[in-house]
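Visitor: Residue numbers (the numbering used here), protein chains in the order written: chain A, 1 to 274; chain B, 1001 to 1347.
Hints are not guaranteed to be accurate.
[What the hints assert, rightly or not] Derived lysine to any residue pairs resembling SDA-like cross-links, with alpha carbons at most 20 Å apart:
id, chain 1, residue 1, chain 2, residue 2
1, B, Lys1346, A, Gln48
2, B, Lys1210, A, Asn103
3, B, Lys1335, A, Val107
4, B, Lys1346, A, Ser121
5, B, Lys1335, A, Leu224
6, B, Lys1335, B, Leu1186
7, B, Lys1346, A, Asn103
8, B, Lys1210, A, Tyr104
9, B, Lys1346, A, Arg130
10, B, Lys1210, A, Val107
11, B, Lys1140, A, Ser121
12, B, Lys1210, B, Gly1077
13, B, Lys1335, A, Leu221
14, B, Lys1346, A, Gln56
15, B, Lys1140, A, Pro122
16, B, Lys1140, A, Arg117
17, B, Lys1346, A, Phe202
18, B, Lys1346, A, Tyr238
19, B, Lys1346, A, Leu221
20, B, Lys1210, A, Leu221
[Claimed, not checked] Example chain B residues on the side facing chain A (calculated, C-beta under 10 Å, incomplete):
id, residue
21, Ser1062
22, Glu1066
23, Arg1319
Simulated from the structure, these hints should not be mistaken for laboratory data. Cβ coordinates follow ideal geometry from the N, Cα and C atoms, glycine included.
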Amino acid sequence: MRLFRRLGVIGGSGPLLVTLLFYVVPIATWAWSLRHERPGQPVLPTYQSQIGDSAQISMSSAALAAFGGATVACLARFSSQRTSNVLTFAMMVPLLTGFVARNYSWVGLLTAIGSHRTPLSPLGELLDSRAGIVTVMAVVFVPFVYFIVSEAASHLSPPLYEASRTLGATDARAFFVITLPLLLPATLLAFALSTILGLGYFVTPHLIGGGNFPFVANGVLSRLDLGDAQGAALLGLYLLATVFILAGLVAIVRAWWLRRHEPLTKTPHYVRTK
Amino acid sequence: MKRISLLAGIAGLLALVILGAAKQLPEITVVSYGGGAYQDSHRAAFISPFAAKSNVKVNSTSWGAEYGRLQQMVRSGDVSWDVVEVTAAQYSRGVRDGLYSPLTRPIPPATFAPLAGGPVPTPFGVPNVYWSTVFAYQPKAFAHNPTSWRDFWDVQHFPGSRALYDNPRGTLEFALLADGVARDKLYPLDVDRAFRKLDVLRPHVRLWWKDGTEPVNALLTNRVVMSSAWSGRIYASAAARKEIQYTWIGAAHELDYWVIPRGSRNVELATEFIHFASTAQPMAKQAAATAYGPTNALAFSAIPKTVLPNLPTAPENWRVSFVVNANWWAANEQKIMQRWTIWRSKR
């Protein structure tokens, strides 16, 4: 057991070691072996725009969703129980509908057939555009952010705000010294989760983006349609690498933030119970 | 007493399961090239009548004629499709690559009469339908109607967004026609010239469609003002027939084949299905629904007279259009598709 602990299989760095041994090493070995089988067929340079688009659009929509979802979570925390229930229900409803159906609904909402117009028809230019994909993906992510941030928002206790006011803090200052430090770690987590979800999106880039902004998943399908399973797998590998890099970056920022605001975000030792 | 009731209940359930298993019908899966109205026409004309006649369960599904997908399926040995509709180029490639099983018996000449100079059934496949990609437009968008692919590329005189099929087959030909190449001089395709011409139009292409329903909807909702489109999808929709216009000038005709993928576990039933789908009545029924051209000359007498002028094979339509050269595409499809995929992924 001690040996396992020393090797990091269990304990703090255990998951990292397991990931390395059973995930990264086999995939990297396989990818390395491909260099002989795919001479002169570099996949990355030809798919840079797909990887770039996937990352950029996913991060933009996740950021929008993080802002929207965290705002609604705060609103729910400081509203009456009834309003909070209504908001939670409103966030749940989209999750009960099929994802593809929601995408088609957006196409329907943004277009007009003859004289049949919807309130969103004037925004029809959003279809087949980058902004359209960002908007639709952000709306899809808002409930995820809401449910993740709601947990953190439940720790925003009124006595903290009362104490800050007693010490002469304005509402704005209270937001920056209490609300933001407490909510940001969860919001960052929600942002990372949404971005990672978005990176693998396939339907929205095609239906809302009109095929103008193919994501990595669309590229994977294109390679498979050509019978190039290795190329598809290699693209999948790039996607995985992008996910690891993004998740790592967010983890670093989150850890830095938690350390910086340790007095507020860490439960004091004298409160702990045995 | 309770135990007897329980045992009787279990026995009853078992009997139901055994009877159900005994009554399970033989099953095949038929794959149409394209979903939506086209697949519906297959269901109505071929699949449901065949299922009723032969007491067979026929699953209907669709694909986008992605050759690599079929190739992977056959090579993996896990073949879940029994009858597949492929393009003429893919038929040739598949025969060359050994992807298809031969039919267990040939099509009887009494039930299938080829068109004059048209394709004939072979041991590996039966020509099924002539279909067309046409140049469609929203007439309300223009003072005078566009008439050719040259107009499609002319965004100054015919402003507005365009939509094109996300596939080089046909699209490269349209680019060359727009660039002044004569219909009878298209092949071998000058691929570089076609891509250069596509580069010019690319900023105005708002939608790269994959499914035949998309261009029809895009035109109906004014998302685009011009698009390449499958003629049958416009014909099959009453709203589209009313609102959208299309021209046969420069239309690309293609031929599809029914084939049986190698490794299918139901070759006999698949052959039976292909035999049925190649007879006159079902072909006529499908033609009436989609206005696509049957390959069996015996079918024409059963097609309503109002439909005949809308078929790709109608003499006046045939004269002003071209047939996609299946042999050229069979030889070049793989590398052109590679180039297309890369071209589409770059901006």
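Visitor: All hints, please: hold or fail.
Guide: For each hint, the structure was consulted:
no.	hint	result
1	Lys1346(B) <-> Gln48(A)	holds, 8 Å
2	Lys1210(B) <-> Asn103(A)	holds, 16 Å
3	Lys1335(B) <-> Val107(A)	violated, 34 Å
4	Lys1346(B) <-> Ser121(A)	violated, 30 Å
5	Lys1335(B) <-> Leu224(A)	holds, 14 Å
6	Lys1335(B) <-> Leu1186(B)	holds, 18 Å
7	Lys1346(B) <-> Asn103(A)	violated, 25 Å
8	Lys1210(B) <-> Tyr104(A)	holds, 15 Å
9	Lys1346(B) <-> Arg130(A)	holds, 15 Å
10	Lys1210(B) <-> Val107(A)	holds, 16 Å
11	Lys1140(B) <-> Ser121(A)	holds, 19 Å
12	Lys1210(B) <-> Gly1077(B)	violated, 28 Å
13	Lys1335(B) <-> Leu221(A)	holds, 17 Å
14	Lys1346(B) <-> Gln56(A)	holds, 15 Å
15	Lys1140(B) <-> Pro122(A)	holds, 19 Å
16	Lys1140(B) <-> Arg117(A)	holds, 18 Å
17	Lys1346(B) <-> Phe202(A)	holds, 17 Å
18	Lys1346(B) <-> Tyr238(A)	holds, 17 Å
19	Lys1346(B) <-> Leu221(A)	holds, 16 Å
20	Lys1210(B) <-> Leu221(A)	holds, 13 Å
21	Ser1062	violated, 14 Å
22	Glu1066	holds, 3 Å
23	Arg1319	violated, 33 Å
Taken one by one, the earlier hints fail for this structure at numbers 3, 4, 7, 12, 21 and 23, listed in ascending order.
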